[in-house]
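Chain order of the listed sequences is A and B.
If you read the first sequence in the numbering used here, its first letter stands for residue 1, the second for the next number, and so on.
If you read the second sequence in the numbering used here, its first letter stands for residue 1001, the second for the next number, and so on.
FYI, nobody ran anything at the bench for these hints, they're computed from the structure.
Check each hint, because a few of them may be wrong.
Far from chain A, by Cβ distances over 12 angstroms, these chain B residues were calculated [claimed, not checked]:
| no. | residue |
| --- | --- |
| 1 | Ser1019 |
| 2 | Ala1058 |
| 3 | Val1100 |
| 4 | Val1130 |
| 5 | Pro1134 |
| 6 | His1145 |
| 7 | Gly1155 |
| 8 | Arg1158 |
| 9 | Tyr1204 |
| 10 | Pro1212 |
| 11 | Pro1213 |
| 12 | Asp1262 |
| 13 | Val1306 |
| 14 | Pro1365 |
| 15 | Thr1371 |
The calculated label-pair distances, taken between Cβ atoms and stated as ranges, are [what the hints assert, rightly or not]:
| no. | chain 1 | residue 1 | chain 2 | residue 2 | range |
| --- | --- | --- | --- | --- | --- |
| 16 | A | Asn421 | B | Gly1111 | 40 to 48 angstroms |
| 17 | B | Ala1098 | A | Phe28 | 40 to 48 angstroms |
| 18 | A | Arg110 | B | Arg1158 | 26 to 34 angstroms |
| 19 | B | Ala1384 | A | Thr221 | 15 to 23 angstroms |
| 20 | A | Pro202 | B | Arg1171 | 17 to 25 angstroms |
| 21 | A | Thr234 | B | Arg1110 | 56 to 64 angstroms |
| 22 | A | Asp425 | B | Gly1147 | 39 to 47 angstroms |
| 23 | B | Pro1134 | A | Thr221 | 50 to 58 angstroms |
| 24 | A | Pro222 | B | Thr1109 | 15 to 23 angstroms |
| 25 | A | Asn421 | B | Arg1148 | 54 to 62 angstroms |
| 26 | B | Pro1134 | A | Asn421 | 48 to 56 angstroms |
Interface residues of chain B toward chain A, partial, derived using beta-carbon atoms under 10 angstroms [what the hints assert, rightly or not]:
| no. | residue |
| --- | --- |
| 27 | Tyr1042 |
| 28 | Glu1198 |
| 29 | Arg1418 |
Here a beta-carbon is modelled for each residue, glycine too, at the ideal position from N, C-alpha and C.
Number of protein chains: 2
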Amino acid sequence: MTMTSKAVILAVGSEMLTSTRHDTNSLFITEVLNQTGLDVAYKAVVGDNLAELRSQVAHALSRHRVLILTGGLGPTDDDLTRDAVAAQLGLPLSEDPALVDAIRARFATRGLPMPEVNRRQAQVPAGATVLHNPRGSAPGLMIEHEGRVIAMMPGPPREMQPMMSGPVRERLLQFAGDVRLMRRTIRITGRTESRAEEIVQPVYTTWLTQVPPIETTILATPGYIELHLSTQVTREADGAAALESAVAQLADRLGADMVSPDGQSVEHVLGEMLRARGWQIALAESCTGGLATSRLTDVAGSSDYVERSFVVYSNRAKTELLGVPPPLIAEHGAVSEPVARAMAEGALARSGADVAVSITGIAGPGGGTETKPVGTVWMAVALASPRETRTLLCRFLGSRELIKTFAALAALDLVRRRLLNAAWDVDWAKR
Amino acid sequence: MTMTSKAVILAVGSEMLTSTRHDTNSLFITEVLNQTGLDVAYKAVVGDNLAELRSQVAHALSRHRVLILTGGLGPTDDDLTRDAVAAQLGLPLSEDPALVDAIRARFATRGLPMPEVNRRQAQVPAGATVLHNPRGSAPGLMIEHEGRVIAMMPGPPREMQPMMSGPVRERLLQFAGDVRLMRRTIRITGRTESRAEEIVQPVYTTWLTQVPPIETTILATPGYIELHLSTQVTREADGAAALESAVAQLADRLGADMVSPDGQSVEHVLGEMLRARGWQIALAESCTGGLATSRLTDVAGSSDYVERSFVVYSNRAKTELLGVPPPLIAEHGAVSEPVARAMAEGALARSGADVAVSITGIAGPGGGTETKPVGTVWMAVALASPRETRTLLCRFLGSRELIKTFAALAALDLVRRRLLNAAWDVDWAKR
C-alpha cells in the first residue's frame, strides 16, 4: 500500500459519540493543515476505549504520514491517548521529572496541591517532544516515527489551538515542503445538481491533466449547487492564476446561473447590486412568512437598501396593506399570477422603493389541491423604471421549512436575475 | 479479533473535510442507534475517494457488526459509496429497471427529463434491499452480509432521516434485544446555562440512585437551555413513568421558564396558545428583519393565527405603516422604549389583531454607541383587551445573525410569558 501525504484527525472522547455533541476541534485543525499544504484524508471520533483507539491509530498510520489526535490526555483512567499511541508504536512510557514539576507548579499557582493522578500527565513516550501547555495541566506530545509525524494535543480548544498553530504547524510546514492547498467555492442557482454537472463537466475534466491540476467536487445544498475547486501548488501565484482561469471558464458556461465565484450568498450578491445602483427594495411575502426579508437583512449594512417588507399572511392584509382587490383573490385565489403581480406592484407603489418582489404560495403540509399542489409558488418582480412587472410560477418539493427556504432564496435570486436582465429559465420553474 | 455489537457511522463527502463544514447527520443517527440499544464505536468523515472509502469500510466491518453510511449516493462521478461497499463485499452491481422508472417519474413531476447520469442511482448491489426515497432521487440501500448489517443512505438530512427512523431502525431493533433507551428533552428559555443548572441540579442528582435511574445532561443552544433526560429500561412503561415524574419535578421548579416538556419550540407552544384562545397575532419587526414572523410561520397551520407582520426597516416605514410619530424617533431614537411601544400599538391598531409584539434594536456589527451598544434590543407586547402594553429592554451578545436569532426567539417567548401572565425577570433583560 502506498503512503499518502495526507493527514488523519482523530478526536478522542466518548462524550462526542452521543447524539448531542460535536467534535469542533477538527475544523481549526483542518484550517492549519491546509495552510501547510496538507489535505485531510479522513477524520474520526473515537471513544475512550483502548482497543478501539489502538485500532484507529494503526489504521491511520498504515496509509498516511500525519496523524493529529486531540483529547484523552487528562489525568484519569479513561484518558488513553498516550497509552494507545505508545503501545501501537512500541515505545516505552516513562515519567518526565521536569514535567511533574511543571504540573505541580501549575497547581501551586491556584493554591492547590497536585493530585497524585496528575502524574499520569507527565508520562512521555520515548523520543517524544513535549508541547508545553500554558493554559492547562495536560501537555501535548509530538512523535516522529518511521517517516510519520504524530501529534497529541489536549481536547479543550483554547489549550489545543496554540499548540496546533505553533509547534505542530512549524513541524508540518517542513513536511509538506513548499506545497500549498488553495481552494475556491462557486455557487450556482437555478439548476439541479445533475444539470449543473452536465454543464460544467466538459470543462472541469480538462483541469485534471493541466499544470497545476485542479480537482472539482460538486455539492447540492438547500438552494445552491456548489462547485469546490482545489489545487496544490508550490507558488501561490500559480494556484491563484489557475483558479482564476477555471472560474472564468465556468462563468462563460454558467452565465447568470453562477451567483458567486467565491462562495457568497444570493442575499450578499443582490445587496451589492442594490447598493451599487443606490436602489431601495421592498418585499411582499405570504407563504415565506418574512424569511426572504430576514435572509436579506442577514447582511451587515442591509439597512442601506432594505426599505420595508409586508408579511401579508391573511387575505385581509393583502388588501389593506398592498391594495390587492378582493375580487381578484376571490376569482384567482391568493396563490395566483394576478395576485402575485398585484402584491409586487402594491409593495412598490406603497413603499416608494425602486424594485419589489412578491411571494405567494402553498408551503404545506396542508392546503394543496389537484391544480395547486403543496410547493406551488407564484413570484413577481416589479421595477419602478422602466415600469414593468415579470412573474414566475415555481414548484418546490419538500417539507414546509424547505419549501419556505427554497422560495425565499429563489425570490431573491429572481430579483438578481431581473437586475442582470437574464433569462428566467430556471429548473425550478413550472412549465 | 472479536466482533462487537456496536455500530460505526461513516459520513461520505469531501466537502465535510474542509474547515467550514460539519457532519451533522451522525447526531440523528446516533439518537436512533441508541434507541435500538446500540452504542457507537466510532464515527468518521471520509472524502470522495474510492481507495479511502474501501479502506474505511474494511476497517469498520473487521471489528463491528453494524455500519451506517450517509452521502455519496448522488448521480455524479464522485459519488462512490455504492461502488466502494459493493467492491469491498465482492457484490456485483446491476441496474434495477423499476428504480430507473421511479427516478424518471420523479423528474417528470417537475416537468424535467431524467439526465442520463441519474441511471447510476439505480445501480443495486446483489442481494441489497432498496430503501425508497420520496424526497429525492437517491434511493438508500441495506445489505445483510456475513452477520453484519450495512445501510447506505443519502446525505441530505430530510432524505436520510425517514430511512434511518423507518426501515433501518426496524432492522436494528432485532439486533439489540430487550433493553430500550428512552429520552425526554426539556426546553428552557430566559435562563443562562449556569442559572438553569442551579435550579435543576438539586432534583436531577436524586434521579441517579432511583430505579430506573435517569441520567441528565444540560446543553446550551441558541435561545434555549435544554435538559436531556435518558433512562435504560426493559419495560417501556417503567421508563415512561419515571420520565413523567422527573418532568413534573422540573415543571415545579422551573415554572414559566420551562417552555416545553418534550422538545417543542417556542413558536410551536405559542401557536398552540393562540389557537386555543382563537386569537390573531401581528408583528412589527425592525432589527430582526422578519425572522420572528418566519419562525412563527414555520409551524404548520400558523395561518390560523398569524394575521400580518410589518417589517419596518426604515424610519419612514415605521411612520407610514405603524404611525410612529417622526418626533418620537427624532427625540428617543429608533431603538428606544417609546418607539417599541408605538410600534406594537400601531401594529395592533392597524391589523385588528388581538396581540402584537414589536422588536427594535441594533443587530450590528455597526451602528452601536456607548449608551446603545450592539445587541441592545427593545421589545413591546400590546394586548387589545385588556388594553395594555408592556416593554422590555434586552441586551444580547454575539454576531449579527446570533443577535437576530436571540431577539426573534425572545420576542415570541415574551408573548408566551404575557399570555401566561408570568414575570418577565429573564436573564437576558438589561437591568
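Results of checking the hints against the structure:
| no. | hint | result |
| --- | --- | --- |
| 1 | Ser1019 | violated (4 angstroms) |
| 2 | Ala1058 | violated (9 angstroms) |
| 3 | Val1100 | holds (14 angstroms) |
| 4 | Val1130 | holds (20 angstroms) |
| 5 | Pro1134 | violated (9 angstroms) |
| 6 | His1145 | holds (20 angstroms) |
| 7 | Gly1155 | violated (9 angstroms) |
| 8 | Arg1158 | violated (6 angstroms) |
| 9 | Tyr1204 | holds (16 angstroms) |
| 10 | Pro1212 | holds (19 angstroms) |
| 11 | Pro1213 | holds (17 angstroms) |
| 12 | Asp1262 | holds (16 angstroms) |
| 13 | Val1306 | violated (5 angstroms) |
| 14 | Pro1365 | violated (6 angstroms) |
| 15 | Thr1371 | holds (20 angstroms) |
| 16 | A:Asn421 - B:Gly1111: 40 to 48 angstroms | violated (25 angstroms) |
| 17 | B:Ala1098 - A:Phe28: 40 to 48 angstroms | holds (47 angstroms) |
| 18 | A:Arg110 - B:Arg1158: 26 to 34 angstroms | violated (49 angstroms) |
| 19 | B:Ala1384 - A:Thr221: 15 to 23 angstroms | violated (43 angstroms) |
| 20 | A:Pro202 - B:Arg1171: 17 to 25 angstroms | violated (42 angstroms) |
| 21 | A:Thr234 - B:Arg1110: 56 to 64 angstroms | violated (46 angstroms) |
| 22 | A:Asp425 - B:Gly1147: 39 to 47 angstroms | violated (52 angstroms) |
| 23 | B:Pro1134 - A:Thr221: 50 to 58 angstroms | violated (20 angstroms) |
| 24 | A:Pro222 - B:Thr1109: 15 to 23 angstroms | holds (19 angstroms) |
| 25 | A:Asn421 - B:Arg1148: 54 to 62 angstroms | holds (57 angstroms) |
| 26 | B:Pro1134 - A:Asn421: 48 to 56 angstroms | violated (38 angstroms) |
| 27 | Tyr1042 | holds (4 angstroms) |
| 28 | Glu1198 | violated (21 angstroms) |
| 29 | Arg1418 | violated (21 angstroms) |
In this structure, the earlier hints numbered 1, 2, 5, 7, 8, 13, 14, 16, 18, 19, 20, 21, 22, 23, 26, 28, 29 are contradicted, and the remaining ones agree with it.
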